[in-house]
Amino acid sequence: MNPISGQVVNLFAAILLLIAFAMLSQRRIVTLIHLFAFQGAALVGSTATVAFATGQKHLYYSAAITLVLKVVLLPWILHRLIRRLNVKWDIETLINIPTTMLVGIVLVVFAFNLALPISQFSQSIARGTLGIALACVLLSFLMMITRSKAVPQVIGFLSMENSLFFAATSATYGMPMVVELGIALDVLVGMVILGVFLFQIREQFDSLDIHHLEKLKED
Amino acid sequence: MEALAALLAVPLLGGLLLWALGERESAPEANSLFSLGTLLASLVLTAQVVSEGPVMGIYEQFFVDPLNVFLVTLTAFVAFTTSLFSRPYMRIERDKGRMTPGRLRLYHSMYQVFTFTMLLALTTNNMGILWVAMEAATLATVLLVSVYRTPASLEAAWKYFILCGVGIAQALFGTILLYFAAERVLGPEGNALLWTHLDVVKHELEPAIMSLAFVFLLVGYGTKVGLVPLHNWLPDAHAEGPTPISAVLSGLLLNVALYSVIRCKVLADGALGSRFAGNMMMGFGLLSVVVAAFFPMRQRDIKRMFAYSSIEHMGLMTFAFGMGGPVANFAGLLHMTVHSLVKSAIFFAVGHAVQKAGTQVMEDIRGLMKASPTVGWGLMLGTLAILGMPPFGVFASEFLILTTAMSIHPWATPILLVALGVAFAAVFGRVQPMVFGDSRLPRLQHQPALMPVFLHLGLGLMLGLYIPPYLATWYKQAARLLG
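Chains as they are written, first to last, in the numbering used here: chain A, 1 to 219; chain B, 220 to 702.
In case anyone wonders, no lab produced these hints; they're calculated from the structure.
Here the structure is a predicted model, which is why all the values come from computation and not from measurement.
Backbone N, C-alpha and C fix where the C-beta goes; we use that ideal spot for every residue, glycine too.
Careful, some of the hints might be misleading.
[Claimed, not checked] Covered, in the sense of this in silico footprint (three residues per stretch, anywhere, with C-beta under 8 Å from a C-beta of chain A), are these stretches of chain B:
| # | region |
| --- | --- |
| 1 | 343-351 |
| 2 | 358-367 |
| 3 | 371-380 |
| 4 | 396-402 |
| 5 | 426-440 |
Between the sequences and the hints, there should be enough to build the whole structure, so can you do that?
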């Protein structure tokens with residue numbers, strides 16, 4: 001095992017964490033989609049590095065799936081979607097951005113504390129990054145909570161899936177191939193359904209603001 | 220092996236065919252026919268498991284033992300009877316203009332796909348595929364919940380998608396951690412997610428990883444079970460989707476999600492050697508029972524009210540499995556069965572009652588007994604059964620759960636009793652005026668499907684009075700597997 005590859009994986013992990021914060025603070029939807037594509041690219045980079053360093057062949061395949069699905073296909077669908085829906089503009093956040101960032105930092109500390117005792121059991125070269133993966137999951141979660149428009153929520157959801165995928169390569173050498181294929185299929189189908197859904201929501205409410213989706217409450 | 224393949228192939232092909240052929244007058248019958256095929260395959264599979272023991276298939280990716288074969292049969296059975304109920308129900312909806320041919324095509328196709336995903340989740344041996352199947356079930360039902368395209372149904376489906384999506388993402392993280400723990404023992408080849416392999420080495424799995432994994436798995440799949448405080452999607456999805464879907468959501472999907480949790484619990488128990496997993500489940504279960512018991516009295520919508528009742532019953536089962544031990548597990552499995560049967564029967568009756576009254580608001584549904592005695596009796600008897608009146612099966616299982624709680628965790632018994640009492644008063648108080656009294660409700664254009672209602676209630680009654688010996692053996696075997 002090459003110590004340099006370990007460093008490279010750590011670098012990619014740091015990039016992922018930075019992107020997660022950038023997404024949290026980003027107001028424009030177009031930039032958000034670019035960030036999502038970058039996140040996918042960083043994921044491909046780290047997966048390929050782990051594959052190269054350890055000689056695990058199936059990781060190359062999973063890197064290829066990620067490349068096709070998360071760097072090319074999903075961003076393309078999202079771009080088409082926002083063009084057709086004509087929602088490029090600023091996103092209102094429910095909590096102001098500095099506060100969100102502070103909450104994000106607390107989440108990162110929490111994630112590292114949670115992951116520290118278990119990451120020592122990992123044999124993967126990327127074991128130090130489990131904490132980062134968990135932090136990215138929580139940050140995507142935070143992003144979903146703080147956004148009031150439907151499209152950013154979807155991007156938050158997809159970025160959470162990216163982070164989980166990163167967790168799988170950092171704790172272990174990736175999930176078995178059949179499971180990864182299944183997950184990729186679910187994500188793709190889910191994205192298509194969400195796209196259809198967004199159109200239906202717009203048709204019904206003339207807006208993608210999910211404040212309109214708060215009618216069903218207990219009396 | 221062939222039966223297993225048929226069990227999965229029939230609904231999958233059915234879904235594709237119903238989509239490919241488009242909407243025709245005979246689509247509801249074709250839908251029932253595919254469900255009947257699935258049911259027959261499940262019966263053959265059951266016979267195999269009973270006579271030859273657990274069945275493995277396709278590179279060990281599929282595994283059927285006494286625990287899941289009973290859920291497979293239950294799922295296939297309720298899916299079949301629901302498809303019978305949905306025939307007149309959907310014809311009436313179409314005549315009312317709520318369902319267009321395009322929507323009916325989506326509905327029938329997704330109904331079969333949904334059955335497929337549930338059966339896949341139940342029969343797979345691979346914990347990763349289990350996750351994939353649960354996510355696919357969510358996707359299929361999202362489309363079914365939003366099929367009316369009303370603002371409320373879109374909102375319900377969006378909420379369902381986001382909440383269950385996030386929830387199930389937690390379960391994926393739990394699955395990754397599970398794989399992480401397993402890989403250290405079983406090596407990185409594909410076997411490390413196979414439940415049968417994990418079960419053999421469960422005592423060697425690293426406890427620190429497994430406890431964290433179980434928390435994530437419980438929260439993730441627990442969202443789909445509808446455990447409080449993760450239950451928010453459930454009443455909306457039940458109330459706004461078509462009624463046959465409410466019936467299969469309550470009767471089947473929640474069971475499948477709980478099944479995933481108990482499979483994980485078996486592994487966590489082995490690895491931790493403590494009551495950690497059981498205690499977590501008891502906590503969530505008790506909270507769900509108590510919170511859900513206080514909601515029905517505030518509801519105006521009949522389907523929302525019964526959705527809360529489902530949360531309450533799922534909580535009770537989670538509590539029973541959390542207690543563990545042969546009696547509590549037996550009671551939990553029995554409760555799963557009778558709850559599925561009775562709750563889907565109630566939704567069938569509710570579906571026709573709502574179609575008659577043209578509203579889901581309970582104040583506007585009056586005098587069902589006069590307008591249509593069978594619907595009225597179905598709703599009344601179903602309500603009594605689900606509230607735990609003897610001699611129905613729910614009484615037997617609740618009695619077993621309460622007496623076990625009394626001997627192991629006496630503190631929990633009064634809480635459970637109060638919650639069940641409150642739920643009884645609220646639900647019975649609401650249903651009674653709907654059933655009795657004067658009526659001005661019109662007739663339905665199509666003969667309502669009441670055979671499934673009384674078939675389910677009859678089975679629920681039978682299980683309360685007499686459990687056939689082979690069924691009892693089967694429950695006992697399954698309960699033993701759970702430890």
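Cross-check of the supplied hints:
1. 343-351: With 5 residues close enough to chain A, the hint holds.
2. 358-367: n = 4 at 8 Å, threshold three: holds.
3. 371-380: holds (count 8)
4. 396-402: It holds: at least three residues are needed, and the region 396-402 of chain B offers 5 whose Cβ sits within less than 8 Å of chain A.
5. 426-440: It holds: at least three residues are needed, and the region 426-440 of chain B offers 3 whose Cβ sits within less than 8 Å of chain A.
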